[in-house]
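A.B. asks: Here is how the chains run, residue by residue.
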Amino acid sequence: MLKLENVALNYYSKNGETLALENISFEVQQGELISIVGPSGCGKTTILSLISGLIKPSKGSIKINNKDVSPNNSGYMFQKDHLFDWRTIEKNVYLGIEIQQQKYKKYEKEEQKRRITEDKNHAIELLKKYGLYEFKDKYPNQLSGGMRQRVALIRTLALKPEILLLDEAFSALDFQTRLNVCNDVHNILKSENKTAIMVTHDISEAISMSDRVIVLTSRPAKVKAIHNIELTSKTPLSRREEAQFNEYFNQIWEELT
Amino acid sequence: MNNDQIKNINNKPNQSIEYAKYLKKIRVNKVVILSIQIGILISLLTIWEVAAIIGAIDTFIMSSPSRIITQVGILISNGTLFYHIGITLSEAIIGFLIATIAGTLIAIILWWNETIRKILDPYIVVLNSLPKIALGPILIIWIGAGTGAIIAMDILIMIVITILSMLSAFTSCDENKILLLRSMGANKLQILIKLILPNSLMEFISVLKINVGLTWVGTIMGEYLVSRAGLGYLIVYGGQVFKLDLVMASTIILCVLAALMYFGVVIIEKIVKKQRNLH
Numbered sequence: 014m015l016k017l018e019n020v021a022l023n024y025y026s027k028n029g030e031t032l033a034l035e036n037i038s039f040e041v042q043q044g045e046l047i048s049i050v051g052p053s054g055c056g057k058t059t060i061l062s063l064i065s066g067l068i069k070p071s072k073g074s075i076k077i078n079n080k081d082v083s084p085n086n087s088g089y090m091f092q093k094d095h096l097f098d099w100r101t102i103e104k105n106v107y108l109g110i111e112i113q114q115q116k117y118k119k120y121e122k123e124e125q126k127r128r129i130t131e132d133k134n135h136a137i138e139l140l141k142k143y144g145l146y147e148f149k150d151k152y153p154n155q156l157s158g159g160m161r162q163r164v165a166l167i168r169t170l171a172l173k174p175e176i177l178l179l180d181e182a183f184s185a186l187d188f189q190t191r192l193n194v195c196n197d198v199h200n201i202l203k204s205e206n207k208t209a210i211m212v213t214h215d216i217s218e219a220i221s222m223s224d225r226v227i228v229l230t231s232r233p234a235k236v237k238a239i240h241n242i243e244l245t246s247k248t249p250l251s252r253r254e255e256a257q258f259n260e261y262f263n264q265i266w267e268e269l270t
Numbered sequence: 004m005n006n007d008q009i010k011n012i013n014n015k016p017n018q019s020i021e022y023a024k025y026l027k028k029i030r031v032n033k034v035v036i037l038s039i040q041i042g043i044l045i046s047l048l049t050i051w052e053v054a055a056i057i058g059a060i061d062t063f064i065m066s067s068p069s070r071i072i073t074q075v076g077i078l079i080s081n082g083t084l085f086y087h088i089g090i091t092l093s094e095a096i097i098g099f100l101i102a103t104i105a106g107t108l109i110a111i112i113l114w115w116n117e118t119i120r121k122i123l124d125p126y127i128v129v130l131n132s133l134p135k136i137a138l139g140p141i142l143i144i145w146i147g148a149g150t151g152a153i154i155a156m157d158i159l160i161m162i163v164i165t166i167l168s169m170l171s172a173f174t175s176c177d178e179n180k181i182l183l184l185r186s187m188g189a190n191k192l193q194i195l196i197k198l199i200l201p202n203s204l205m206e207f208i209s210v211l212k213i214n215v216g217l218t219w220v221g222t223i224m225g226e227y228l229v230s231r232a233g234l235g236y237l238i239v240y241g242g243q244v245f246k247l248d249l250v251m252a253s254t255i256i257l258c259v260l261a262a263l264m265y266f267g268v269v270i271i272e273k274i275v276k277k278q279r280n281l282h
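Each protein sequence line maps, in turn, to chains A and B. First residue of the first sequence: 14, per the working numbering; consecutive thereafter. First residue of the second sequence: 4, per the working numbering; consecutive thereafter.
These are computed hints drawn from the structure, not numbers from a lab. By construction, the Cβ of each residue, glycine as well, lies at the ideal position given by its N, Cα and C atoms. Please note that a few of the clues may not be correct.
[Said to hold, decoys possible] Covered stretches of chain B, as calculated for chain A (at least 3 residues, CB under 8 Å): (1) 173-182; (2) 189-200.
[Stated by the list, open to error] Below, in silico cross-link-like pairs of lysine to any residue (SDA-like), each with a Cα-Cα straight-line distance of 25 Å or less: (3) A/K133 / B/I196; (4) B/K273 / A/T101; (5) A/K133 / B/I181; (6) B/K191 / A/I242; (7) B/K191 / A/S62; (8) B/K180 / A/Y25; (9) A/K122 / A/L145.
[What the hints assert, rightly or not] Among the chain B residues that face chain A by a calculated CB cut under 7 Å, a handful are: (10) S132; (11) S186; (12) R279.
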């Protein structure tokens, strides 16, 4: 569904012109979870910005279902949850729906209202499904880090994005919480059949969560290798226990150093 | 049943004796501080009054609490007190509102357009370091020696600091939060309304607190320069004719008004914090 073809990106700054990405090509299928790993500063996050349509590539093309990407196709998750302190959990989850209201402008008033209510109900359904509904009237500072990150994911899912972009989404959490949230997020993404691309510096996290891992070179970043992860266990946590896990780890580790 | 247990019955259920003691300690501490504060005020007034009665100080120069009260009584009975308070208070409030609202609007414009921000930057810096009182004569000539000039002086004193504080609050917003909204497809107006403004609310309240103090500086300074009425005028007039009772009485009324206005802002702050579940 997502296709990057010969993507390159030049950066301009006072210090000159830098080639950040060169000749990046890969495809992602519907429902797949892909991780991108690479040396720090190689441009992993830049790839996500390109896929989200926030920046345009200097060369090449990026298509979702054969159409050019735009911010409306994708949903972002960051290292911090960026929940707004002044909104309740429910209102935080509605944020994107409020922002995208204008896409219903073409309809009549009644129809607009109906569609917005429908979207909000969908968000509420997600909160209920993933055990956060009882906290809907709480403020973010009353929730734990792991719960906040789950709310952030639901805020993103509420917009029904075709593809999810996770930028180091778990690295601000302590290790134990992180393993749990990885399980939760993996479970949510798979049960909603969402396509997702995550960027991480943590090789174990990448292997345990993904269907495929893309390894990048240092800047200018190129695709060095793509690994099909064939682990059979259901949850990321149990996948870490499999014998093959370490093989993947060592392989990727070597490619990175 | 010993004493501690009896006490505990009066407290809420599930509350340990230790916790009740802890709460009591906090309450006692509060009362002690308040009584010392009031005590200091009463002793100062008493010493002042006694010194005046026994002739240790010259009441012509120092005045005294009883003379101040008499003076306030005179101002009330001849009906001028509320007239003067009304004038100064309205100048202070009008200046406060205009400077706060206009300053915030200008800060929004500067946040919105980086080019305008860069162009105006040196002007704002210079205007900020300029002692606004120096502009007094210009204001009087341009606007005329009246209420207009006083309010203009008041606004000048507050507006630059308002612009700078609000602009710094707007621009210090986390870039990733902006990126989050943009990734949802938000336009600039939505970023302003959904994120920048609510994110800067606590800074806005700080600005209100600063301005609520500065507005009295501006108003009284303006009244020193041009007025024929108001508390600032009473203070200047009292000084010129050596009526220290009048000077002291006006100053104390000013203190009370400024404190009341400040508490108004504190109440707003409490409401906002409660709404946002902050403590």
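A.B. asks: For a quick check of understanding: which of the numbered hints are violated here, in increasing order?
C.D. replies: 6, 9, 10
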